[in-house]
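Participant: These protein sequences, in sequence, are chains S and V.
If you read the first sequence in the working numbering, its first letter stands for residue 1163, the second for the next number, and so on.
If you read the second sequence in the working numbering, its first letter stands for residue 12, the second for the next number, and so on.
Don't read these hints as lab results, they were simulated from the structure.
Just so it is clear, the structure is predicted and the values come from calculations on it, not from any experiment.
Hints should not be assumed to be uniformly reliable.
Think about it this way: if two alpha-carbon atoms lie no more than 25 Å apart in a straight line, the pair counts; the simulated DMTMM-like pairs of lysine to aspartate or glutamate are [to be verified]:
id, chain 1, residue 1, chain 2, residue 2
1, V, K294, V, E193
2, S, K1233, S, E1272
3, S, K1208, S, D1284
4, S, K1236, V, E38
5, S, K1201, V, D267
6, S, K1229, V, E70
7, S, K1201, V, E251
8, V, K192, V, D267
9, S, K1208, V, E137
10, S, K1201, V, E137
11, S, K1201, V, D295
12, V, K102, V, D252
13, V, K187, S, D1267
14, V, K76, S, E1271
15, S, K1201, V, E199
16, V, K102, V, E251
17, S, K1201, V, D196
18, S, K1236, S, E1217
19, S, K1201, V, E200
20, V, K227, V, D267
21, S, K1286, S, D1267
22, S, K1201, V, E153
23, S, K1286, V, E38
24, V, K254, V, D212
25, V, K190, S, E1295
26, S, K1233, V, E38
27, S, K1246, V, E38
28, V, K201, S, E1217
Residues from chain V that face chain S, not an exhaustive set, calculated with beta carbons under 7 Å [said to hold, decoys possible]:
id, residue
29, P39
30, R63
31, G64
32, C85
33, G86
34, I87
35, S234
36, T376
Beta carbons: idealized from backbone N, C-alpha and C, even for Gly.
Take a look at the letters that make up each chain.
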Amino acid sequence: MNLSLKSYSRARAVHVMLVYTGGCNGCDIEIVNCIFSPKYDAEQYKVFLTWNPREADVLVVTGPVTKHVEKPLKAIYEAIPEPKAVVAAGACATMGGVYKNIHGDIPSEEIAGPVHEIIPVDAKIPGCAVRPEDVLSGVVSALPLLLNAK
Amino acid sequence: MDNNNKVTSNVIEAEVPMGTVHSAAIEPYRVRLFVEDEIVRDAEVTIGVNHRGVERIMEGLPVEKANSLTEKICGICSNIHIWNSVLVAEKGLEIDVPPRAEYIRIIMGELERLHSHMLYLAHGSEVLGHETFAMRLFYIRETVMELLRMIGGNRVQYGVPIIGGIRPRADLDEMKIQKIKEGVDHIEEKILEFADRFIRDPMVMSRVTGVAALSKKDALRLSATGPTLRSTGVAVDIREDMKQYDPFEFDVITQDDGDVKSNLLMRVLEIPESIKIIRQAIKDIPDGKITNRSWEMQDTGIIRNYVEAARGKLYHSYRLEDGRVRNSIIRTPSITNINAMEHACIGTHITDAQLAIVQCDPCFTCTDRAVQIVDHPLKKNNRII
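Okay, chain S solo, but in the shape it has when bound (with noise of 0.2 Å):
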């Protein structure tokens, strides 16, 4: 299966919804970045940034989930029309980060846990912050989801 980003996108234009659930703007900002920025710029790919879930085909959640922001994440994962991915992207929403994790097995008060456990998670993009290189190719190893579902 040819994986090119190109191929993929070529055949049909992906929006990305960008969540951010109480990280610390260092991957938001990349992950605008990469789609922004001439210098990576997904948007030659059309690969649109988008804050409406309505017309959204992959959502990227940032930041490890607070208490106060599981609710709204999930109304906008239902909001998302199928088909669907999501992509957890940086450390805080593939496990949580430092805030979780660095007082060890006491459980976090504000931390509701890593994303995957709020709702499924199709990809994981490691990293504090994400690299822009790494954004890109996690979202293409979500495209298989969107463009093979019937």
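Add chain V to chain S, keeping to what the hints say.
Facilitator: Leaving out everything else, chain V in the frame of chain S:
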């Protein structure tokens, strides 16, 4: 415009709520705009969604670990947080920092200011509706990000300062110094081209001139800080008082009007000043070691320190007990700028309300912490600590 913060009897019924997750606001926060005939009469900004309890997590951690945790408070101004946290420990334990380490810390701090200001300009341009400007600025900003990656090893959260100096991997050699020199030359050329293009654009200028103006009196009354305060004409910059900045010549930029135009130009004009500091730093960077390891841990009282972050005054304080951090308090600049944001919204057209909030350079992810409002013993009005 004149009904600021006065309790009036007339109830404004039309309310436009936005958030907490909203397409116009990139970060999660809640804005309530009370409108009358499409003019904003009152505004309320609520945060709290991002609260992660960083100070509570810091309680009882070893000081080195707590310092690297403070870096994770903010992804935009990560260096200034860890720098200030390290300065608190150095102040309490009376550690001398080698001059070479001070210079490299300042180079990192100023590079971070460059990338933060460019991000502000890009965000502002995007909210204005001028996406081409935003893309151009992101392109110029890439040069800074590459320099930060080269020095610190990561594009965001480089973790350069440690207690007593800087990390060995962040030491500068001739090749890196040459690259910084070329990088800042490139940034200065491009940002001045951008500023020229920005000022000559009549469409953009008519969109920003006179919008969401904040007067000098209001800015002082609302405890606005940083470039938001300086754009109203008050020349306050903590860098002038910091002993780390003593060897450097730079000007404190001020603007007069306090509107969106002044705020945008403020950041544009601060970029050459930061570049001036970086140029001086790489020109006379002293030789010698970069870390002072000869210090001993001891218990201290509460230590406080202020530094100037890209957004304004940043405060860290904690006390040390058996090498562990106790009673940590962090106060980020955006917490008082929220008042300025709410006030700047009042009197604007509803389409400019988002611009009025963005002009104060909000960073809500680092601001989200428990706030205690105390009565100042000497003053009548309440102040946020």
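Participant: None of the hints should be skipped; say for each whether it holds.
Facilitator: A quick look at each hint next to the structure:
1. The suggested pairing of K294 of chain V with E193 of chain V holds, with an alpha-carbon distance near 13 Å, which does not exceed 25 Å.
2. Between K1233 of chain S and E1272 of chain S, the direct Cα distance comes to roughly 14 Å. Compliance with the 25 Å bound is thereby established for this hinted pair.
3. Taken as a hint, the K1208 of chain S and D1284 of chain S pair is honoured in the structure, with Cα atoms around 21 Å apart against an allowance of 25 Å.
4. Among the hinted pairs, K1236 of chain S with E38 of chain V is consistent with the structure: their alpha-carbon atoms are about 17 Å apart, no more than 25 Å.
5. With a CA separation close to 36 Å, the supplied pair K1201 of chain S and D267 of chain V exceeds the 25 Å bound.
6. Taking the CA atoms of K1229 of chain S and E70 of chain V, the gap is about 21 Å. The hint holds against a cut of 25 Å.
7. With a C-alpha separation of about 36 Å, the suggested pairing of K1201 of chain S with E251 of chain V is violated against the 25 Å cut-off.
8. Distance restraint check for K192 of chain V and D267 of chain V: the Cα-Cα separation of roughly 32 Å exceeds the 25 Å cut-off, and the hinted pair is therefore not satisfied.
9. A hinted pair counts as satisfied when its Cα atoms are at most 25 Å apart, and K1208 of chain S with E137 of chain V qualifies at roughly 19 Å.
10. Under the criterion of a C-alpha separation no larger than 25 Å, the hint pairing K1201 of chain S with E137 of chain V is consistent with the structure, at around 18 Å.
11. Under the criterion of a C-alpha separation no larger than 25 Å, the hint pairing K1201 of chain S with D295 of chain V is inconsistent with the structure, at around 33 Å.
12. For the hint linking K102 of chain V to D252 of chain V, the alpha-carbon distance of about 15 Å falls within 25 Å, and the restraint holds.
13. For the hint pairing K187 of chain V with D1267 of chain S, the CA-to-CA distance comes to about 42 Å; that exceeds 25 Å, so the pair is violated.
14. Taking the CA atoms of K76 of chain V and E1271 of chain S, the gap is about 20 Å. The hint holds against a cut of 25 Å.
15. Taken as a hint, the K1201 of chain S and E199 of chain V pair is honoured in the structure, with Cα atoms around 19 Å apart against an allowance of 25 Å.
16. Between the alpha carbons of K102 of chain V and E251 of chain V the distance comes to roughly 18 Å, so the proposed pair stays at or under 25 Å and holds.
17. Of the pairs offered as hints, the one joining K1201 of chain S and D196 of chain V holds, with about 19 Å between alpha carbons and a cut-off of 25 Å not exceeded.
18. This hinted pair checks out: K1236 of chain S and E1217 of chain S have alpha carbons roughly 16 Å apart, not beyond 25 Å.
19. The hinted pair formed by K1201 of chain S and E200 of chain V meets the criterion: a straight-line CA distance of about 18 Å does not exceed 25 Å.
20. Taking the CA atoms of K227 of chain V and D267 of chain V, the gap is about 9 Å. The hint holds against a cut of 25 Å.
21. Proximity of K1286 of chain S to D1267 of chain S is assessed by CA-CA distance (about 23 Å); at most 25 Å being required, the pair is judged to hold.
22. The suggested pairing of K1201 of chain S with E153 of chain V holds, with an alpha-carbon distance near 8 Å, which does not exceed 25 Å.
23. Taking the CA atoms of K1286 of chain S and E38 of chain V, the gap is about 21 Å. The hint holds against a cut of 25 Å.
24. In summary, the hint linking K254 of chain V to D212 of chain V is not supported, as the alpha carbons are separated by about 41 Å, beyond the 25 Å threshold.
25. For the given pair, K190 of chain V sits about 23 Å from E1295 of chain S by alpha-carbon distance, which is consistent with the 25 Å threshold.
26. With a C-alpha separation of about 16 Å, the suggested pairing of K1233 of chain S with E38 of chain V holds against the 25 Å cut-off.
27. The suggested pairing of K1246 of chain S with E38 of chain V holds, with an alpha-carbon distance near 23 Å, which does not exceed 25 Å.
28. With a C-alpha separation of about 36 Å, the suggested pairing of K201 of chain V with E1217 of chain S is violated against the 25 Å cut-off.
29. At its closest, the beta carbon of P39 of chain V sits 5 Å from a beta carbon of chain S; the interface hint therefore holds under the 7 Å criterion.
30. Interface restraint check: R63 of chain V against chain S, minimum CB-CB distance 5 Å, threshold 7 Å, status holds.
31. A distance limit of 7 Å between C-beta atoms decides the matter here; for G64 of chain V the minimum to chain S is near 5 Å, and the interface restraint holds.
32. Taking 7 Å as the C-beta cut-off, the interface hint given for C85 of chain V holds, the closest approach to chain S being about 6 Å.
33. Hint status for G86 of chain V: holds, given a least beta-carbon distance of 2 Å to chain S, under 7 Å.
34. Annotation: interface hint on I87 of chain V holds; nearest CB of chain S at approximately 5 Å, less than 7 Å.
35. With its C-beta approaching chain S no nearer than about 23 Å, S234 of chain V sits outside the 7 Å limit, and its interface hint is violated.
36. Of the supplied interface hints, the one on T376 of chain V holds, with its beta-carbon coming within about 5 Å of a beta-carbon of chain S, less than 7 Å.
Hint violations for this structure: numbers 5, 7, 8, 11, 13, 24, 28, 35, all remaining hints satisfied.
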